[in-house]
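Enquirer: Turn these sequences into a full structure, and let the hints guide you.
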Amino acid sequence: MKNTGMTRPLDTLGRIVIPKELRTSMGIQAGESLEFYLDVETGLLSMRKYIGVCCHLCYSIQDLSYFRDSFLCKKCINDLKGNIGVSQIPVPVVKEPYKEKRAHRSPSQHLVEKLRRLMREHPAAKQGEYAEWLGVSQGRISQLKKLL
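The sequence shown begins at 1 in the UniProt record's numbering and counts up by one.
FYI, nobody ran anything at the bench for these hints, they're computed from the structure. One should not assume that every hint holds.
Once the Cα atoms are required to be at most 30 Å apart in a straight line, the calculated DSSO-like pairs of lysine-lysine come out as [unchecked claim]:
| # | residue 1 | residue 2 |
| --- | --- | --- |
| 1 | 2 | 145 |
| 2 | 49 | 2 |
| 3 | 81 | 49 |
| 4 | 49 | 75 |
Expert: Here is the structure:
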């Protein structure tokens, strides 16, 4: 599990807002259902997208079996076992020539460098302006400034 460094207050109804960066990285759209899990011993609250009780492939709700974190119906399982809809002709594997990889840079490092450049060019700008220029939230700018 990764510590994002983000904190969010509860409102008067006990709701929290999940930051946009987390929603996009988890693939959560507005209006989607979430499942919550609580570990009482550690006090850890976690969540994930709600899978639902229907076939992952055809959305049927009959004759379901649970397999690797999703449900599959009997018909889809039989189709997969019989390779229905799969090409019988083997496809040759094309390997590309070996290229030496460059040093891996995370998106955060890239954003930190862009922010550093913007701060040199516009030292009097506010965090909201930096956020607008980089296309991220103001809270993300605050996190990036800690990495400078």
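Enquirer: It remains to establish, for every hint, whether it holds in the given structure.
Expert: Each hint tested on the structure:
Using a Cα cut-off of 30 Å, the hinted pair residue 2 and residue 145 holds, with the two alpha carbons roughly 19 Å apart. Distance restraint check for residue 49 and residue 2: the Cα-Cα separation of roughly 17 Å lies within the 30 Å cut-off, and the hinted pair is therefore satisfied. Between the alpha carbons of residue 81 and residue 49 the distance comes to roughly 28 Å, so the proposed pair stays at or under 30 Å and holds. A distance of roughly 25 Å separates the Cα atoms of residue 49 and residue 75; the hinted pair therefore holds under the 30 Å criterion.
Every hint, counting from the list given before, is met by this structure.
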